[in-house]
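Visitor: Residues per chain are reported as follows:
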Amino acid sequence: MKRLYKNFLSPTIICLIFSIFVVNISSASLKKAQKYYSSDYANKNELIILELVKSKKYYSAVPFLIKRLEKKMPLSPALKKLTRIIVQKTGTYDFFSLSDEILKYHNTQTTNLILGLKLEGSGNYAGAIIELKKIKETHYYYPEANMTLGTLYNQLELFTESMQANQICQLSALKKEKASNHHKIKRYYSVLKESCLIHIARIKYKLGKYHASIKAHERVTKTSYKWPYILLEKAWTNYQLENYNRALGLLVTYKSPLLSSYFFPESEVLTALSYFKMCLWKDSLKVIDQYYNVYKHKSQDLKALLEEKDSENDKYINLILNPKGETPYIKNLSTQIRKKVKFSVQLAHYKKEKDEYLFFKSARKKTPFTANLVKYLAASVKNKKTKINFFAKQTMTEFINKIHYFSYEMFNIKLEIMANKRDLIYKNKRLVADRSRGDIDNLSKKNNQHFWSYKGAFWADELGDYSFGLKSNCKKVDSRIAYKDKR
Amino acid sequence: MKTFTLALIFYCFNISAKENVIIKYKKYEKFDLGSLQVKGNLIAPGDISVRKRGNKIFHRKLYDRAEWDKEMKKDINNLR
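So the protein sequences, as listed, match chains A and B. When we follow the working numbering, the leftmost residue of the first sequence carries the number 55, and every step to the right adds one. When we follow the working numbering, the leftmost residue of the second sequence carries the number -16, and every step to the right adds one.
One or more of the hints may lead you astray.
Not close to chain A: a few residues of chain B, all C-beta gaps over 10 Å, as computed [said to hold, decoys possible]:
#1 VAL4
#2 ILE6
#3 TYR8
#4 ASN24
#5 ILE26
#6 ARG34
#7 PHE41
Residues from chain B that face chain A, not an exhaustive set, calculated with beta carbons under 10 Å [unchecked claim]:
#8 GLU12
#9 LEU16
#10 SER18
#11 LYS44
#12 TYR46
#13 ARG48
#14 TRP51
#15 ASP52
#16 LYS57
#17 ASN60
#18 LEU62
#19 ARG63
Calculated directly from the structure, the hints in this document are not laboratory data. Virtual Cβ for every residue (Gly too), placed ideally from N, Cα, C.
Isolated chain A, as found in the complex (with noise of 0.2 Å):
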């Protein structure tokens, strides 16, 4: 009893006494805070924001910091180093309504970065890349700076440079995850050297180096949260290369019960494709027949959804959480969502910020401090939650666009296989066979790739790696032999 008494209550009072200790240690930086709301000091927003930020109260500080900002005034370096803090906690969103002028004025890395961004945005890529380069190796925001930089090069077809920069943002990122302990800060990094690998494989398949662009897209591994959304872009390298056969297994892969959240209608009409330049039509036309099937009604419901009205704000937050009562297909759809870094990012945001609207809203003293802070809080937190269901909701209707594009570009296929027939017709002539069988003969595979067969069953440690065998159906006989062959 003594022993389980020790075991027992040893962690709990040590964790109780930190509780205590670290709530008061808050609470006396609020108590602070407000103190400096009502005096007259001259740098009373610099004293607010430390205060804040000691206890933890980062969306509070941001008004004090926008003010801040907003005065001509040099920054110390301990106020540098507090932007840097508030806006790697909060985000670089609500610091776009400060001038280009003024984030000019400061300079610094954080400013440097938030402006850069902001041009970007604006379409102004020259102005971006002079900011983003002000970054400094050893910065926080180094590595993204490199990948936003990589993109911009991309867009001005400065292709060199955009592959340096990508290079750069890969290294510096996985150095920086490396000596990162936070597992937040540890995801941040991993995401954008996975990104900026992914970004080195776009560029060389639009330099047509596709052996290149697959041995980069190789390096993300299958643990990647990208993992997914890079199949369809390795499918198409492989489709570049002409083995059609290596595009379909990827593009089966999406077929497979652990992938069933992830559909994409290109991934079917690049399906389409490879069988057609097979000359399998039959195969194409079916693919093309599948897809008038199941999207039709995908989009119609997707349709009805989004017409419905959308009168309350959190609408499609809800129905992204709890999309209970759905249809499959809009619950697939909305894990998809889910899973999106901007969307978990800026629900996280929401959140966070909902919580400090609360503190200060269920504060038992009323005072000018919290008056005013509840009432930016609130607005924010409802501009937040505008800016996530406007997201949800323009990636349902990119989808619904997506479905419709791609349908009349695989009514193209069905036409192109129709004339392709009636040529064969007219030359009396046809294809060798009717339908082609897999065989492994018909595999194009590399030193470290092996062969197992297929067999009903989709294993994860295989999604990714399947491969068709199929043969090339694209000989063509004369129709008289064919038919006495046949007889």
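Starting from the known structure of chain A, fit chain B onto it as the hints suggest.
Guide: Only chain B this time, still in chain A's reference frame:
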């Protein structure tokens, strides 16, 4: 008055002179096409022939992926 009378007389003479003209056309003319000769080289083929042409097949532009620029831009905008 004198001048007018002279002009009238001259006019009457002129009319009577025109009425006396008799126009005759050739009733028959024969063209011997075989004896007609045209200077130049003969370049036309000896007999009528039609050269066989291959059927022109118009291919539709099927969907192709040239780049991933939009996706790259989305990646940086959707990071935060």
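Visitor: Give a verdict on every hint.
Guide: These are the hints, each one checked on the structure:
no.: 1; hint: VAL4; verdict: holds, 72 Å
no.: 2; hint: ILE6; verdict: holds, 66 Å
no.: 3; hint: TYR8; verdict: holds, 61 Å
no.: 4; hint: ASN24; verdict: holds, 40 Å
no.: 5; hint: ILE26; verdict: holds, 34 Å
no.: 6; hint: ARG34; verdict: holds, 18 Å
no.: 7; hint: PHE41; verdict: violated, 8 Å
no.: 8; hint: GLU12; verdict: violated, 55 Å
no.: 9; hint: LEU16; verdict: violated, 45 Å
no.: 10; hint: SER18; verdict: violated, 51 Å
no.: 11; hint: LYS44; verdict: holds, 8 Å
no.: 12; hint: TYR46; verdict: holds, 4 Å
no.: 13; hint: ARG48; verdict: holds, 5 Å
no.: 14; hint: TRP51; verdict: holds, 4 Å
no.: 15; hint: ASP52; verdict: holds, 7 Å
no.: 16; hint: LYS57; verdict: holds, 9 Å
no.: 17; hint: ASN60; verdict: holds, 7 Å
no.: 18; hint: LEU62; verdict: holds, 6 Å
no.: 19; hint: ARG63; verdict: holds, 5 Å
The structure does not agree with the numbered hints 7, 8, 9 and 10 stated previously, though it agrees with the rest.
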